[in-house]
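As they're listed, the protein sequences go chains A and B.
Sequential numbering of the first sequence, starting at 5, is according to the working numbering.
Sequential numbering of the second sequence, starting at 44, is according to the working numbering.
Please keep in mind that the hints were generated in silico from the structure rather than gathered at the bench.
As the structure is a prediction and not an experimental result, all values here were calculated from the model.
The reader is advised that the hints may include incorrect statements.
List time: in silico DSSO-like cross-link candidates among lysine-lysine, alpha-carbon distance up to 30 Å [stated by the list, open to error]:
1) A/K26 <-> A/K111
2) A/K61 <-> B/K63
3) A/K41 <-> B/K63
4) B/K84 <-> A/K111
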Amino acid sequence: GENVEQHPSTLSVQEGDSAVIKCTYSDSASNYFPWYKQELGKRPQLIIDIRSNVGEKKDQRIAVTLNKTAKHFSLHITETQPEDSAVYFCAASPDSGGGADGLTFGKGTHLIIQP
Amino acid sequence: GAVVSQHPSWVICKSGTSVKIECRSLDFQATTMFWYRQFPKQSLMLMATSNEGSKATYEQGVEKDKFLINHASLTLSTLTVTSAHPEDSSFYICSARDDSGRSYNEQFFGPGTRLTVL
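Looking at chain B on its own, in the form it has when it is part of the complex (with noise of 0.2 Å):
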């Protein structure tokens, strides 16, 4: 149980383009999702909060307008990079939280998505 899956798993997009990334918890519901962005040998970074059914919340330093977040469903947030340019570059992961509590306040991963931008 607790499965994250992410889509796509990697993506090449020329410099300009948008790209979006789904994140959907496939066997539990989660009203908050969450936003990582990890580049190579680096540590994961919070990008931002997502709520289902309100506005995402944001990191400082993370541009809302550039990074926008659509939390849809109790099992769906997307991630949309608008306007990507090359130092987008980078591994975006989510992670979500079981709404039923089961298991407290653990996390759980999705695989990732490797954008790279030409």
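The following block holds chain A by itself, in its conformation from the complex (with noise of 0.2 Å):
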């Protein structure tokens, strides 16, 4: 099955400085990639996500990249904020198009916005 490794585990960073996250994945009928954000007891809310034809996607602070051939993939987010301290998780999925693939998900990112 699928394996989704996810680097590192926390990360500090100055307020206003970016952050980057990084995943990498095995199963290379992986085609769909989301990202989610988690903050303590509550749901996890999907901030952005890709697919294997495209390469990158932003959306304002936040963007993915995908390298299929080097089976990885990495969240950036810019100008950070204090409410961007979270737990931030990769995942992937086969996207057969039927939606019946469940995520697998990374171990998660305890993402720290130092004032």
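Bring the two chains, given one by one in their own frames, into a single complex with the hints.
See below:
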């Protein structure tokens, strides 16, 4: 099955600086890669996703890049703000089109924005 | 739109009893729902895929007789933890995909149910 590795486990950055979280996956059949933000005790919230036919996607301060050859994808947050502090999870799944595939999650990155 | 609810939000039960958790898609139909488990400070682990009108598909290592899943309608899936033990204490989260396809592959997560087994 799929295996998703995520690094780092903890990331502390100064407010206003950029943060980068990296993930690798093992299953070449995976072609849907979402990123979730989870605050303590709450549900994961989708912040951005990318599919294998796209190399990069941006939404305001958040961007995701995908290198399918190397099987890795990264989350980039620019101009970080205190409210960005949370745990971030990457995930992967095959995009069979039928919507029947669950997600394999990375272990998470605790992002801390220092004021 | 695309709201998923879970009930209860938390439950405490005695060891050996069974607990049922409901997952509902409130404003969309979901042929497929997913159940995840999350231990404190850990990631979400897929337990099973719930399919309306057919048997659930369980991930390797998840006991189907212990975690009973019933997907009775296009808006409701239930997870029953049978003969619960303290090691079953966890945060159980469901997700659902919108059948209409308007959100493509996105999974919408419920708020989770915290189970504590004494």
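Restraint status (C-alpha distance of B/K84 to A/K111 at most 30 Å): With a Cα-Cα distance of about 9 Å, the restraint between B/K84 and A/K111 holds, given a limit of 30 Å.
Restraint status (C-alpha distance of A/K26 to A/K111 at most 30 Å): Cα-Cα ~11 Å, so holds.
Given hint B/K63 paired with A/K41 - CA-CA distance at most 30 Å: holds (27 Å)
Given pair status - B/K63, A/K61, alpha carbons within 30 Å: violated (40 Å)
Checked against the numbered hints listed earlier, the structure breaks hint 2 alone; every other hint is satisfied.
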